Amino acid sequence: MSRPVPTRALRAAALLAVAGLVITGCSKSKDDAASAKGATKVKIEITDDGCKTTPSSISAGAATFEVTNTSASKVTEAELLQKSGEIVGEKENLTPGLSGTFSLRLEAGSYTVYCPNAKTEKATFTVTGSAAAPSQDPAVKTALDQAVSGYKQYVIAEVDKLVPATKQFTDAVRAGDIPGAQAAYAPARYYYEEVEPVAESFGDLDPDIDARLDDVEDPSQWTGFHRLEKALWADKSLAGMSPIADKLDTDVAKLKSLVATTDYQPAQLANGATELLNEVASSKITGEEDRYSHTDLSDFQANVAGGQKAFQLLVPALQKIDPQLASQVTQEFTDVLDALKPYQHSAGVFVDYSTVSDDQRRVLTQKVDALAEPLSQVAAKVTG
Amino acid sequence: MPELRASRRGLLALGGAAVAGAAASGALAGCDGDGNGSKAATPVDAKVPFYGAHQAGIATAAPARLAFATYDLTVSGSPEENRAALRELLQTWTAAAAAMTEGKQVPGDSTTLVAPPADTGEAYGASPANLTITFGVGPSLFDDRFGLAAKRPAALADLPKLPPENLDPSRSGGDLAIQACSDDPVVAFHAIRNLARLGRGTVVMRWSQLGFGKATSNGSAQETPRNLMGFKDGTRNIDGTDAQRMDQYVWVGNETDQAWMRGGSYLVARRIAMRIEAWDRDFLADQQHVFGRYKYSGAPLTGSKEFDTPDFGAKDSSGQPVIPVGAHIRLAAHENNGGIRILRRGYSYTDGIVSASGELDAGLFFIAFQKDPRKQFVPLQRSLGAHDALNEYIQHVGSGLFACPPAVSGPDRYWAQELLG
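Chains as they are written, first to last, in full-length UniProt numbering: chain A, 1 to 384; chain B, 1 to 421.
Same shape as in the complex, but just chain B (with noise of 0.2 Å):
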C-alpha cells in the first residue's frame, strides 16, 4: 500500500509541530519513572507459588527477563514407550521446575566430587527473582508418536498462515514449551538450560529465545514499560490481577472439549523482527500516527493521559481519523474486534546483528495467552496483517502454539498428568 501510506505521511507533516509540542512535555515525565524503575532491588525471597489452580507465569506480573526455549522429543519407541519417556521427563521436569521456583537447586548430588554436579550451579545462591517457569505443549505432540490424538484440543489448531509473515522453521513450532520469567537473566537461563540437560536423551532444545525489558505490562501496579520502538506497550492489556476478565478471556473453562486442559491457557509465540535502523529514521509525528499514541505520554491521539480510552470516531478539522486508520491501535482495540481480548506477556530481544545486512537483530517477542486462538490471536492477527501501518516495520519471523495445561497441585503431580495419566 505504497499511495496509502505516502498521503498519511504528507498530511501527517503538516500537524508535526504541534504534535512534537505534546511530546516532549511528556519526555521529561518518562525519564523520572524509567529511573525509579529499574533501580528496584529485588528481595531475596521473592517467590512465585508454583502448585496452585493455574500455571504461574500468565497472571504473574511479567518480570524483566524472559528465557524461553521448545523442545523436540527424540523417542523412536511405540506410542506407549514413548508415552512412558514422557511422563518420566515431565515428572523430573516437574520437580526440577519446583525447586528452581523455591531458589533452590536442581534436586540430586550436587556435591559428590566424582560425579557431574545434578545443578549446573550459576544460579546458586541467587534470589529466584520472581521466577516463573510455564509448560506448554505444541501441536506436534498429537502425531502418531504417543497415541494422543484424540486428546488434541480443538483450540490447539495449527495456526493458519498469517500474512505478511516470513517464518523461520528453525524458530517456529516444538512439541514442548518452557516459558521461565525472573528479574534475574541468569535464573531465567538456568532454568531452560537445566530442563535441557535433564531432558537429554528424551528432548533436544528446537529453538530458544532471551528476552528483556519486558516490553508489555499486564499488572496495573507496573509502569507500561516501552518495546524496542520506544512506545509504551500494554497500556490496553488485560491485567493479570483483574480475576473475571482472566476468567472470561484467558483461563480454558468447561467450554474446552478437552478436560485435562480446564485452568489452563494457550500460548501464541511470534518473534517480531523489528527493522530497526528504519523506524528510526522516521519522524516523529509519523510514529506516532503508525501507533496511534503520543510516544512519550503514551496518551492515545485523541487524549492527553496514558489510560485516556482512545476515541476511535474522532476526526480531524480536514474530517480525517484522528486515530488513522491503519494505527496500530485501532486494529488492535477491543471495540473494533468484536470485544476480543488477549493476555500479552511480550519482551524485547536482541540477537546482534543479521550478518547479511549488519543491521541489528533485534525485536519483540510476542506472547499472548488466551482461551482459544482460534477466536483471540488468529482474528486479531489477520486484521493487523491485512492493514496495520506498522507492517511496514516489522516481519513476524519465528512462531510457536502451545497449550499450557492447568498448575500442579502440589509434589505429589507433574505436568499434563491429565493428559498423560
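Just chain A, same shape as in the assembly (with noise of 0.2 Å):
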C-alpha cells in the first residue's frame, strides 16, 4: 500500500515541474514585459530557509514582483506587508516549480516581504523616494483626496456600528436567548458587509469573524457570525456557545482599532467596491452565505450600499475623467437597489431567501454584473 504514494508524489511533482516551464516561457513573451512597462521587477525566491528579495529596496512607483519557488515544500506563497500588518500583494499555492506575479504601485516605506512557515519568515523591503508626481490635474486631486478621507470616516464610522450590534447579538448568544440573537444577526452582519474588502485586507481577522463551514479545516476551530448561525437555525441550541460569542466581540473590537489608522488609496475604493459586488454574486446570490439564516438578502443589501458609497465618494473626480462612466454606473447602481426592492419587508428585513426562485435569482446576478462590469474600469481612471 505504501509503494504507489511516493510514486504518485514523484508523478505530480513532475508535473508541476512541467507547469512552472510553461508559465516561464509565458512570462517571457514580448507582451508581458510590455505589460510591466515602467515597473521595477523585483524576484522573490521562495526557499525553506526564508524569501530572498532582489532587490531589496526600489524607489517609489509601479512594480511587478515575480515569486518563484524552485524547491520549497514547507513555503507556498510570499505576502507583501505595509507596517500596519495590511497585506498589499501576495502570491499563494506556489508550489516547488511554480511561479506567479503581482503588480502594485508602492509609496515610500519599510514594507515586510513574509513568507509564513519559512526558518526566517520576515525579510524588510524598503520603498524609497517617491512616486513620480502623477500628470493628474489639481481639482481631481482634490477631488480624489476627499474621496479617501471621506471613506476612512465611512469605515470607521460604520465599524463604530458594528460594534455594539454584534454586541447586542452576542449578549442574546450569552443569555441563551435564540429568538433575540436570530433577531439580532443580520442587522449586526450589515455594518460588516459593508466594509468587507477592509476587514479582509487584515489577514485572519476577516476568516475568524466571518468564515462559512467550508473554509475552515478542523471545524472545531470555526468562529464568528456563521459558526452562532448554524447554532441558531440548525443546531437549535447555544450550548457552548459563549466563547465564540466573545471572542466575536474581541474580533470586532480588534477590526476597530484597525480601521482608525488605516488609509486608502482611490484605486482601492473603486476595487473594494468591484469586490462588494462579487461578494454578491459569488456567496450571496448562490445562498451559501447565510445558509441556516436565509438572511442573504440583507447581506447583499449591504454589500451593494457599501460598494456604492465607494463608488459615491469617487464620482466628483470621476465626472471630471470620465463622465459617461460616471453617470453609467450610478444609474447601474440604482438599478441594482431597485431589484432589491420587491424583497423587503421593511427597512433592512427582506424575504426568506429560500422562498426566492432560479429565475428570480437569476435576474437579481445579472443586474449584478451589468453594474460590476463597468464599475471594474473605475480604478484604472482614479489612478494617477
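Note that these hints are calculated values from the structure, not bench results. Only a predicted model underlies this, so the values are computations on that prediction, with no experimental measurement involved. Yeah, the Cβ is synthetic: ideal placement off N, Cα and C, and Gly gets one too. Incorrect hints may have been included.
As the list claims (entries may be wrong) - Chain B is nowhere near these chain A residues, computed Cβ spacing over 12 Å in every case:
hint, residue
1, 48
2, 174
3, 204
4, 220
5, 250
6, 256
7, 329
Claimed, not checked - Ranges of calculated distance between the beta carbons of each label pair, as one might list FRET restraints:
hint, chain 1, residue 1, chain 2, residue 2, range
8, A, 337, B, 244, 52 to 62 Å
9, A, 342, B, 160, 29 to 39 Å
10, B, 157, A, 344, 36 to 46 Å
11, A, 292, B, 412, 56 to 66 Å
Each chain sits in its own coordinate frame; assemble them with the hints.
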C-alpha cells in the first residue's frame, strides 16, 4: 500500500515542473514584458530558509513582483505587508516549480516580505523616494483626496456601529436567547458586510469573523458569525457558544482599532466596490453565505450599499475624468437596489432567501454583473 | 407506432448475419480515416475572412468545434433609445468579432496594470484555427421594444409546433445568436464569452451550447464525420463550395420581402437529445435500418459505397423496401421532399449526465442554414417527426430560429446595419 504513494508524489512533482516551465516560458513573451513597462521588477525566491528578495530596496512607483518557488516544500506563498501589517500584495499556492507575479504601486516606506512557515519568515523591503508626481489635474487630485478621507471616515463610522450591534447579538447568545439572537444576527452583519473588503485586508481577521463551515479545515476551530448562525438555526442550541460570542466581540474590537489608522488609495475604493459586487454574485446570490438563516438579501444590500458609498465618494473626481462612466455606474447602482426592493418587507428586513426562485436569482445576478463590469473600469481611471 | 416497429425488427433479425459481414469489412477503413484526420495540426495562419458578401461560418467547411450562444437584450427605454443601444452593441460586437477572427485580441487596453484587461486572454497567442463568428437575430427582436416589426421578414415566422418535441424554454429562442466555430475549442468559447462581456448591461446570455467533433460534413474535401450514434452524417449535404446550390437553397436572394436580408441566410438550431443507452443496446442491423445506411461504410442499404445514390424504389426478395419506409435517409431525402435541401452544420454535444436518470446527456446540436425555413426546415421536420424510425431514440429539446444578415463589407460597417440604419 505504501508504494503507490511516493510514485504518485513523484509524478505530481514532475507535472508541476512542466507546468512551471510553461509559466516561465509565457512570462518571457514580448507582451508580458510590455505590460510591466515602467514597473520596477522585484524577484522573490521562496526557499524553506526564507524568502530572498532581489533587489531589497526600490524607488517608489509601479512594481511587479515575480515570485518563484523552485524547491521549497514548506513554504508556498509570499506576501508583501505594509508597516501596519496590512497585506498589499501576495501570491499563494506556489508549490515547487511554480511561479507567479503581482503588480502594484508602492509609496515610500518600510515593508515586510512575509513567507509563512519559512525558517526566517519575515524580511524587510524598503521603498525610497516618492513616486513621480502623477500628471493629474489639481481639481481631480483634491477630489480624490476628499474621496479617500471620506471613505476612511465612512469605514470608521460603520465599524463604530458594528461594535454595539454585534454586542447586542452576542449578549443574546450568551443569555441563551435564541429568538433574540436570531433577530439581532442580520442587523449586526449588515455593518460588517458594508466594509468587508477592508476587513479582508487584515489577514486572519475576516476568516475569524466571517468564515463559513467549508472555509475551515477543522470545524472545532470555526469561529465568528456563521458558527453562531448554525447554532441558532440548524442546531437550535446555544450550548457552548459563549466563548465564540466572546471571541467575536474581541475580533470586532480589533477591527475597530485597525480601521482607525488605515488609509486608502482611490483605486482601493473602486476595487473594493467591485469586490463587494463580486461577493454578492459569488456567495449571496447562491445562498451560500447565510445558508442556515436565509438572511442573504440583507448581506446583499449591505454589500451593494458599501460599494455604492465608495463609488459615490469617487464620483466628483470621476465626473472630471470620465463623466459617461460616472453616470453609467450611478444608474446601474440604482437599478440593482431597485431590483432588491420587491424582496424587502421593511427597512433592512427581507424575505427568507430560500423563497426566492432560481429565475429571480438569475435576474438579480444579471443586474449585479451589469453593474460590476463598468465598475471594474473605475480603478484605472482614478489611478494617477 | 409500436406494432410497426416490432414487425420491422422481426424482419431485420432474419437478414442480420449478411448485413453484419458487410459492416465488419467497412470498420477497418473507418478507423484509418479517423486516425489521419484528427491528428492534422492547425496552421497558425488558419484564418477565414470576416468581411465579404456572405457571413463566414455557413458555406465555410465546418471546423472541429462549436460554441453557440443566444443573448437577450435587457433594454428598457423607448424604441429609439433601445435601437440606439442595439446599434452601439452591434458596432462593438462587429469590431471585436473581426479582431478575433484575425487572431487578435478584443480591441481595447489589455496591458494597463490597474485595469481589467479588455480581452479575457485565454486565446492569447493561439491561432484563430479557422474561427468564424456568425451572427443572427431572432423573431423576438421584432416585438415592440425596438420598433422593428415592419422589418421582420416573412421567412422569420416563429417555428410551428413540430411534434414530437419537448422544448425547454431555457434552451430555446433568444433575441440574438452567435455561432462561433474553430478547430480550437478555447478560441470558439473565447468568442461567445467576450461578446457576452462586451454586451454586459445591454444583453444577457440566454443559453449556450458547446459542440465537438463536427457531426455533419458540408464540404466535398472533408471526410464525412460521424454523429454520436456512430453513423456518418452529411453524406448528401449541400457542399459549401457548390455556388449554384448555395444560391438555390441557402442564400437569401431577391425573392425576400426584406432587402436587409439579401445575401443572408436563416439558421435553425435544434438541440436533439439522444437516448444513447437505448440506442447502444439496439442490434446493428436495426441501427442500419433506422438510418437506411450501413454503419461503417456509410453506404446506403441499396449500395456499396458511401456516395452511391440511394435507390428508394428497391425491394428485397420478399417485396419489402430495402431502405425501410421509416428510414431516416428516405424521409430526409430531397427526392422524397419535392426537391427540398438544407445546409446542415451540426455538432455533437454532451453536457454530463441527466441528474434524474444518471444517463448521458448527449446528442446532436443540429444547425441548418436555408433560404426560407417555412419551405425547407419546417416541411422536412414535419415529415421526419411523423415517420422517422429515429424518433424512438431522439427528442428535440431545444430550438432557435435566427435571421443571419449578409456579411459586413468592411471595417466601417457593422452587423445588420441595413436593418438598424
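So, going through the hints one by one against the coordinates:
1. Separation of residue 48/A from chain B is adequate, the least Cβ-Cβ distance of about 31 Å exceeding the 12 Å criterion.
2. Non-interface status of residue 174/A relative to chain B is upheld: no Cβ of that chain comes within 12 Å, the nearest being about 44 Å off.
3. In this structure residue 204/A is separated from chain B by more than 12 Å, as the shortest Cβ-Cβ distance comes to about 27 Å.
4. Taking the minimum C-beta to C-beta distance to chain B, about 34 Å, the non-interface status of residue 220/A holds against the 12 Å cut.
5. Here residue 250/A stays apart from chain B, with its beta-carbon at least about 36 Å from theirs, past the 12 Å limit.
6. Under the 12 Å C-beta cut-off, the non-interface status given to residue 256/A relative to chain B holds; the minimum distance is some 30 Å.
7. The non-interface label for residue 329/A is inconsistent with chain B: the shortest C-beta to C-beta separation is roughly 10 Å, within 12 Å.
8. Separation of residue 337/A from residue 244/B is about 59 Å and conforms to the stated range, judged on CB atoms against 52 to 62 Å.
9. A hinted range of 29 to 39 Å for the beta carbons of residue 342/A and residue 160/B is consistent with their spacing of about 36 Å.
10. The hinted window of 36 to 46 Å between residue 157/B and residue 344/A holds, with their beta carbons roughly 43 Å apart.
11. Under the hint 56 to 66 Å, the C-beta atoms of residue 292/A and residue 412/B, about 58 Å apart, fit the expected range.
Of the numbered hints listed earlier, the single one contradicted by the structure is hint 7.
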